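Chain A is already provided as a structure; the job is to place chain B on it using the hints.
This is what each chain is made of:
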Amino acid sequence: MTVLSCSGLSRRFGDVQAVDDVSFTIAEGETYGLLGPNGAGKTTTISMITGVLEPDAGEVVVAGQPMSTRAIAAKRLVGYVPQELALYPDLTGRENLRFFASLYGAARSRVDHVLDVVGLTDRAGDLAREYSGGMKRRLNVAVGLLHEPRLLVLDEPTAGVDPQSRNQIMDNVRALAAAGMAILYTTHYMEEAERLCDRVGVIDSGRLIAEGTRRELVEKLGERDRISLLLDGDLAHAAAMLGDLRDVRNVAVHGHGLDLVVDDARECLPVVLSAISSNGVVVRSVEVTEPDLETVFLHLTGKALRE
Amino acid sequence: MKILSIAWMNLRRAMRDRTGLFFLVALPLMLVFIIGAAFGGATTPLLGVVGDAGALRAESSLRVKDFPDEAALRSAVEHGEVSGGLVRTGTDTPRMLVRPDRTGQQVRMLVTTTLTQEANRSAAGDFVASRTGLDRAAALSAVDSVRVEPVEVRTSTTGEALFPRDYSGFDLGAANQLVLFTFLNALTTSAALVESRALGVTRRMLATPTPAGVVVAGEALGRVVIALLQGLIVLVGSALLFGVRWGDPLGAAALLGAFALVSGGAGLLLGALCRTQQQSTGAGILVGLGLAAFGGCMVPIEFFSPTLHTVAFTTPHGWAADGFAALTRRGGDLLTVVPHLGVLLGFAVVLFALGAWRLRRAVTA
Numbered sequence: 001m002t003v004l005s006c007s008g009l010s011r012r013f014g015d016v017q018a019v020d021d022v023s024f025t026i027a028e029g030e031t032y033g034l035l036g037p038n039g040a041g042k043t044t045t046i047s048m049i050t051g052v053l054e055p056d057a058g059e060v061v062v063a064g065q066p067m068s069t070r071a072i073a074a075k076r077l078v079g080y081v082p083q084e085l086a087l088y089p090d091l092t093g094r095e096n097l098r099f100f101a102s103l104y105g106a107a108r109s110r111v112d113h114v115l116d117v118v119g120l121t122d123r124a125g126d127l128a129r130e131y132s133g134g135m136k137r138r139l140n141v142a143v144g145l146l147h148e149p150r151l152l153v154l155d156e157p158t159a160g161v162d163p164q165s166r167n168q169i170m171d172n173v174r175a176l177a178a179a180g181m182a183i184l185y186t187t188h189y190m191e192e193a194e195r196l197c198d199r200v201g202v203i204d205s206g207r208l209i210a211e212g213t214r215r216e217l218v219e220k221l222g223e224r225d226r227i228s229l230l231l232d233g234d235l236a237h238a239a240a241m242l243g244d245l246r247d248v249r250n251v252a253v254h255g256h257g258l259d260l261v262v263d264d265a266r267e268c269l270p271v272v273l274s275a276i277s278s279n280g281v282v283v284r285s286v287e288v289t290e291p292d293l294e295t296v297f298l299h300l301t302g303k304a305l306r307e
Numbered sequence: 001m002k003i004l005s006i007a008w009m010n011l012r013r014a015m016r017d018r019t020g021l022f023f024l025v026a027l028p029l030m031l032v033f034i035i036g037a038a039f040g041g042a043t044t045p046l047l048g049v050v051g052d053a054g055a056l057r058a059e060s061s062l063r064v065k066d067f068p069d070e071a072a073l074r075s076a077v078e079h080g081e082v083s084g085g086l087v088r089t090g091t092d093t094p095r096m097l098v099r100p101d102r103t104g105q106q107v108r109m110l111v112t113t114t115l116t117q118e119a120n121r122s123a124a125g126d127f128v129a130s131r132t133g134l135d136r137a138a139a140l141s142a143v144d145s146v147r148v149e150p151v152e153v154r155t156s157t158t159g160e161a162l163f164p165r166d167y168s169g170f171d172l173g174a175a176n177q178l179v180l181f182t183f184l185n186a187l188t189t190s191a192a193l194v195e196s197r198a199l200g201v202t203r204r205m206l207a208t209p210t211p212a213g214v215v216v217a218g219e220a221l222g223r224v225v226i227a228l229l230q231g232l233i234v235l236v237g238s239a240l241l242f243g244v245r246w247g248d249p250l251g252a253a254a255l256l257g258a259f260a261l262v263s264g265g266a267g268l269l270l271g272a273l274c275r276t277q278q279q280s281t282g283a284g285i286l287v288g289l290g291l292a293a294f295g296g297c298m299v300p301i302e303f304f305s306p307t308l309h310t311v312a313f314t315t316p317h318g319w320a321a322d323g324f325a326a327l328t329r330r331g332g333d334l335l336t337v338v339p340h341l342g343v344l345l346g347f348a349v350v351l352f353a354l355g356a357w358r359l360r361r362a363v364t365a
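Protein sequence lines correspond, in order, to chains A and B.
First residue of the first sequence: 1, per the numbering used here; consecutive thereafter.
First residue of the second sequence: 1, per the numbering used here; consecutive thereafter.
Just so you know, these hints were derived from the structure itself, not from any lab.
All of these numbers come straight from a predicted model, not from anything done at the bench.
Hints may contain errors.
If you want the ones that stay clear, here's a sample from chain B, every Cβ over 12 Å from chain A, calculated [said to hold, decoys possible]:
id	residue
1	Leu29
2	Leu46
3	Ser61
4	Asp66
5	Glu70
6	Ala72
7	Gly80
8	Thr93
9	Pro100
10	Gln105
11	Leu221
12	Leu354
13	Trp357
Pair ranges (Cβ atoms, derived) [unchecked claim]:
id	chain 1	residue 1	chain 2	residue 2	range
14	B	Val311	A	Glu130	42 to 50 Å
15	B	Leu286	A	Glu130	31 to 39 Å
16	A	Asn38	B	Ala253	51 to 59 Å
17	A	Thr25	B	Gln278	44 to 52 Å
18	B	Asp333	A	Asp122	52 to 60 Å
For every residue, glycine included, the Cβ atom is placed at its ideal position computed from N, Cα and C.
One chain only, chain A, in its complex shape (with noise of 0.2 Å):
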């Protein structure tokens, strides 16, 4: 079931044309990650679907519920975690839940089990200022799932935190789309996308120039898995076999060694490996490379994420 359906989505400030014509939609239980370089329109688009913003043009859709800046329904379905820790310093941890969950009109048993949640039930009485980096993510995390919201929006929730921290929230993150919530990812770590993202979409200069899982996209722009081999034995022989294996799409020979591309390194390795010692060549070392999102990126882009 769809939670989000985001269509024809385009925000101008003055001469800027900040979001053009984005559209993408999230499934329940779907973890969505809308990567781009700074400036690329990610934030602009993400205060669209929350309310924050209204559009010039197109439409968001929450669980059937169109969103605007005063949409009070569509509004109850999503949690909203910010890039900059939206949170009163000068207010204990509890402090802060409290006042979010008079806002979203969360009864206050949810404050404890989101403090719960994200592991700061022991510091809750402290205030928000003596928090660490990661403490103050966590709780950032916290607000935006008080109401136990349809659809989570977290928008670089991980930037700047300690490794445990970071780790915590991701799990947090895993455990929320198991259990059936739609969520909008925004990082500048790609492997935090790699691990987290069902799906990717990339944003650049206002509009979404590709979209899908990590292998689609690495098919769509030609890039495959490589196997690279040294070995000991008949090279010639053994690149001749190889090339007629059926997953084999290119080999060449350099040194004591084959370099394969291949459809899937992961499906293909245990029958080439099988097919080299079948014909009596010695496999010294084996070395896979599959293109990752940060080569889709910089593909795409011409840039990297963190640029």
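Okay, now just chain B, sitting in the frame of chain A:
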């Protein structure tokens, strides 16, 4: 309910700020005390004396403090440590050191009267002793036993006094400090509103199922509550600590409420206009003290030139200060200050409208 929640959060944050608490509670009451004492509060004047204080030690309306020499006494008078000084050594004519203020003149009159009475008593004792043959102590005792009923002088008042006869410096200081600090702290605490926007909290509030109008109204109510609390601290604190009289309670409450609305509106507008906390604090102090000066909170409006008098009534401070003066000095009541309330509410409506419009633009643009 959400409006109250936002307002309560503002109040709670203000209470957490220790520096802010000093300006909210301690400083206004300290100034009420200092101004009250400087302009003749309820304390008994302190007379510094070099030499023989004589009958002055028994005078109930004076306290006497001894000094070793005239230089030390002069320094104490100049620094305001004593209300006046008396040098009375040997057979020299007594000399007084006073500052050129009202308290100094009162002390001088009191000392002159007391020393004259002492001299008269001594002369009368000598006269009785010489005529009756009694020893001097018995003669002085006979003089002291003579009771003369005070001469009744019928007095009728005419014209208007600037301050009532029983009006103390505390009464004068408290009303002006209430107006000054209620407005000033409403402006300086608007830095919290700027901080909320800078932190992204206001934007986050807009992502909750809370209409923008409710967010703005909650922030506005928060500013009013802080202003009201500030006013109540000065009003109740000065009444309990220094016995300040605020006149008709209904009139005072209405004036305080109206002025808190003005202050809250000004705080909302400033918090919406400024981009940084430094801007809002700096502008808050400048505007708060400037309007207080022109509005008669530092020098009573009655002392202003006609031009400045007109200027004073273009500020909310002028109307509030004059309203409190009507209650505390001129015996007015709620009806007396209705015009003041009307003008103050007008100021409040304009400031709230501008502040709400600007804040809404700032958080939704």
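A quick look at each hint next to the structure:
no., hint, in the structure
1, Leu29, "holds, 24 Å"
2, Leu46, "holds, 44 Å"
3, Ser61, "holds, 50 Å"
4, Asp66, "holds, 52 Å"
5, Glu70, "holds, 56 Å"
6, Ala72, "holds, 50 Å"
7, Gly80, "holds, 40 Å"
8, Thr93, "holds, 66 Å"
9, Pro100, "holds, 49 Å"
10, Gln105, "holds, 51 Å"
11, Leu221, "holds, 14 Å"
12, Leu354, "holds, 21 Å"
13, Trp357, "holds, 16 Å"
14, B/Val311 - A/Glu130: 42 to 50 Å, "holds, 48 Å"
15, B/Leu286 - A/Glu130: 31 to 39 Å, "holds, 34 Å"
16, A/Asn38 - B/Ala253: 51 to 59 Å, "holds, 55 Å"
17, A/Thr25 - B/Gln278: 44 to 52 Å, "holds, 45 Å"
18, B/Asp333 - A/Asp122: 52 to 60 Å, "holds, 58 Å"
Of the numbered hints listed earlier, not one is contradicted by the structure.
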